[in-house]
Amino acid sequence: MNRRKLSDSTYGLLLIAPVFVIVAGILFLPTVYTIFLSLTNFSFLKGHTLRFVGLTNFVTIFSDTEFVGSLWNTVFFTLVTVALELLAGLVLALILNRSFAFMGLLRTTILFPWALPTALNAIIWRWLYNPDFGFFNSILLQLGLTTAKTNWLGEIPLSMYSMMAVAIWKTSSFMALILLTGLQTIPNDLYEAAEIDGAGWFSRLRKITMPLLVPSILLALLFRSMDAFRAFELPFALTEGGPAGSTQTLSLFGYRQFFQFLKFDTGSAVSVIQFILIMFLGALYLRVFRTEND
Amino acid sequence: MRWQLVQRAGTILFKYLFVLFLVVLFFFPVVWILLTSIKTTGDIYAWPPVYIPLHPTLQNYHVVLFGSKLGRYIANSVIVSSLSTVSVLFFASMAGYSIARIRFRGRQAILVFFLSMSMFPQLAIVPSLFVWFRQLGLINNFLGIVLAYTGLFSPIALWILATYFRTIPLEIEESAKLDGCGRLRILWSILMPLSIPGVIAAALIVFIQTWNEFFLALVILSKNLLRTATVGIALYPGEYAFPWELITTATFLAIVPIFILTAVFQKQIIGGLTAGSVK
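Going down the list, the protein sequences come from chains A and B.
Take -6 as the starting number for the first sequence in my numbering and just add one per residue.
Take 26 as the starting number for the second sequence in my numbering and just add one per residue.
So that you can see chain A by itself, here it is in the shape it has in the complex (with noise of 0.2 Å):
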């Protein structure tokens, strides 16, 4: 066995080879396998023959009234924690982008909602909004600014809001440093010359700094919109998607086809919707950031 004989070309296959064959068998296959369950009746139960039932499945749960109803949660909770990260992203980034005392504890303060567990964020979230023992009812009331206890996670469509506000608080500071990179990118004389023309800040910001962002808004925004499209222990930890399927997610629906009504058939069908859905929002970004670059 002589190793110098290995071409680079098949050494630096072998070398990759390892990693790819398991993320294609933990990835791409299961993905593949889980289309064809989406076009069978595949079942647990003893003595079933499996065959192809066409698009039956994905027929079943557009006609379910909870899927669509999780789909359209989904779409709106993206939506909106989506853009008010973004806006919020964007503030922080502009302020952390001046130099600043304290930096060590700034980029801590930033990092340390990025590095917390969503599930673990979602069950302190769920304490700190306990109608009769949490924090925001506590301070509210003996301030006085409300009279009864306010209920946040079991009304509608409160609950949904107060979901969107533990994913804002959490992501907003991962959306910052994504943008805070792009910023400093932007070379400085750029900013000096626009000063020695006049140009006052709201006019850098607007035909310097955010022309210049674009990429990596783009960026930041693929990556949290199809984050916030398979959200899934968020609703689970923190209000199990009710009230009344308010906060259902898709990912928690498909969940509970699989493991709660160990129907598999048309929990493949709901995966199957949401890769095409997520797959599709990375072709537009795709587009979109052609074109910017074009």
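Hints are all accurate, no fakes.
No more than 30 Å apart at the CA atoms, straight line, and that leaves these computed lysine-lysine pairs for DSS-like:
1. A:39 - B:248
2. A:200 - B:40
3. B:292 - B:40
Please keep in mind that the hints were generated in silico from the structure rather than gathered at the bench.
Starting from the known structure of chain A, fit chain B onto it as the hints suggest.
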């Protein structure tokens, strides 16, 4: 002159206030559960509310660590995340080296493959993985979750590592090659030690992500005693009628390691995160 001084003082004051605002905004939820965790049960459910515990106690910590399954969940997380991080770094370093240093046909296509794989939603892989892992005996098996995490988090790790490998001057490798070093020797004993910041960043990001991962951990490790911290604690409220004093304690304990890691290595983590997003 005096006006300028006032203005400068104002800016500095604003900056301090802003830092303070952010610290309060992002830390108050955790401070609140920390306070809850050291209160007596009576104080937790008292009205008017008790904000600062008058009789701080470590009783809840004692119960969580020695008298409940919550301590076990945290231990499981330590095992799963450590094994997964080692596994990811082992495979991703070889692949990252290949991507950074070796020109071969199909390199670009493989990169695109990895990148698009990282967009695949968990909901799409979960049913198939469950069916397959059940047949292979990988459900309720740490090996199963480590394998799944290796697939899930290798793409980001190899991306970060490749970015760092590229910053190491080629000459160092060339001279090692002349001395007769094989490629793997170069990777393990030259490139990896020289890219320590990148290796730390990749390791931490993978460790934190696996510690936080929920969906696959929920499905693959469903047996009560094998649950990871995030899953075990999140399922606790439903199963034991909300003992908030224990839930907040366990949550705080499960966050501490993550918090220490990010506080100590914030520079490296941000470097790693942005290495993944800039290119």
